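Visitor: These protein sequence lines map, in sequence, to chains A and B.
Per the working numbering, the first sequence starts with residue 623, numbered consecutively.
Per the working numbering, the second sequence starts with residue 9, numbered consecutively.
Below, a list of computed lysine-lysine pairs in the DSSO-like style, where the Cα atoms sit at most 27 Å apart: (1) B:K428 / B:K354; (2) A:K714 / A:K786; (3) A:K771 / A:K683; (4) A:K788 / A:K687; (5) B:K101 / A:K692; (6) B:K353 / B:K183; (7) B:K343 / A:K809; (8) B:K212 / A:K797; (9) B:K428 / B:K326.
These are calculated hints, taken from the structure and not from any lab test.
Quantities reported herein were computed from a predicted structural model and do not represent experimental measurements.
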Amino acid sequence: MGSLRLVTIGLLTTVVLGSPAFAQSPTYGVGRSPTADEIRRMDISIGPNGEELPPGRGTPKEGAKVYQLKGCIVCHGTAGIGGGPAPALQSKKGQDVPIWDRERILPLRAPFATIVWDYINRGMPLGNEGTLTADEVYSLTAYLLFVNKVIPEDQVLDQQSLPKVKMPIGDDYGKPHDWHPNTPRLKGYPY
Amino acid sequence: MGPKETPMGSKRTSRRDLLKTGAASAVGLTLGDIAARQAHAHDHPVTPGSENASPMIPGSRELTEYGQRSKYVTSVRIQHPPGGRPSPDAFGKQFHIATPLQDSVGVITPSSLHYVATTRGSFMPDIDPRQHTLTIHGMVDNPLTLTMDDLRRFPSVTRLHFIECAGNRHTPRQKTVQETHGMTSCAEWTGVLLSTLLKECGMKGGATWFVAEGAEEIKGASSMPITKAMDDCLIAYGMNGEPLRPQQGFPVRLIPPGFEGIFHTKYLRRIKVVDRYYMNYNDFGHLRPDERELALSEQIGPKSVITYPSGGQQLPGKGFYEISGLAWSGGGAIKTVEVSTDGGKKWNRAELKNTPQRMAHVRFGYQWTWDGNATEILSRATDEVGQVQALREQIAQWWNVPAERNYRVPGLDNSIMPWKIAKDGKVTNGLA
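All chains should be modelled from the sequences, with the hints used to inform the complete structure.
Guide: The structure is reproduced here in structure tokens:
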């Protein structure tokens, strides 16, 4: 009896896990299917492996010019050293200082260079968000990684090279846990 | 009500008044002037026998159409934190705005008083709902683009949920409960379950996360586990019986109940189903060295606060009071609330004033007779998954760090809030 139940559970588990989760044909048939092109234009979520990055390229030198031209300097200071109303973008501490003891600077602390690209592309420049070209975003990303000594001055960033940039934080950051409903927010934490 | 039906003894417009105003209109006064005079005629001091009579509020088009609270009710939101970045700023941008919890009754925050937060200080997008769409794509069989009219065709749910900003931290410097805890509110939200929409799209195997993105200037985005999407996330278009307010994400926002406020993506335009943590925009702010801290910055812990008596209030003297407050948890429904009136030595079971619901404020009360001596009052909540609200000293002890005066609780600060009551009835921040 007990073993029969186990077999049944095993079979059910195989069926549920073996099929694509929740896959089924539409129940309500409301709404329309966006075209692949519509999705591509809308999809600005750049994941860690960079598969959504658009074509384009940029170097730190080009980025330095864009940084001037777009007025980044007004809020973030010369070469990102800060002093203005926006956060500093260049670390003042040496590379020998452990990453978590250095400043909370996006183009330094981000675990993936794609995060820097995604952030600039969405949120900058203040008041003219969403107006930068892909080349400008690649250039600015390259420039800010360069001033933080993450990449050399002659490195070209594009769809292929950007996701491969090795960020100084490496693997040294907290990973998301496996969240489940109706459970404490952290296993073993009573509060 | 005609003049003949006017009950005797109440303020009324007499035939003589009508004759007088009639004469007035003959000399060029408009009907509006007459109405104003009639209203004014009720504005004189009460005469004997009519002690309960009050001045009258004349109707207006505004009052007919949308209504208004009494001029004697003056409770308002304030910028958060006090002395911090103002809302609006000189350009008209909004940053953080706190709810006046000290004046709250029940558990619903009126839409006009619901707390507001933007990531970096923003204008509100003025979205025409006829132009706005929500697209669900990524690891789904059938990507879907929905108009706001489409959304209303899906089966809906209506649920009570709180939202709380990660910046809702009580410190010794703050004075009132609006300053210490005003970055949480609770409303009735109506919309479609995200699970309904994801099932409609058909999720592909291997989908583990989703990214929610807003349509505001920064296109703010956050990554959340797909288990949350399938459990209880709500795509909300309604709030407290009407469409969302622009400050709350009109025309549509995500409600991931019990997650930190920033995940409640406003002006929702896109949901992308993915197979890993995407770390987009808002997620960078959650980056921590310790994965335990990251976890504590997602689901909100059990929390409660006494809203009466609270900081800045004054008890008129010893005697009976019903201590009143709010409790909530990101882990589920509140199970019990306890109140201490002796600085935490004895804890007494409080009465829950409404049926606790998952991830919603519950109002609690505790009947107390104050003996007039200086004391400290506190509350602590326990939720249905067994999490208990703790003193910050207990939390510091768990993390094995000293409980200094400005100790920063990991994740959203859900530690117990003490209020001091002085002999003269003055209520102040117990952390100070």
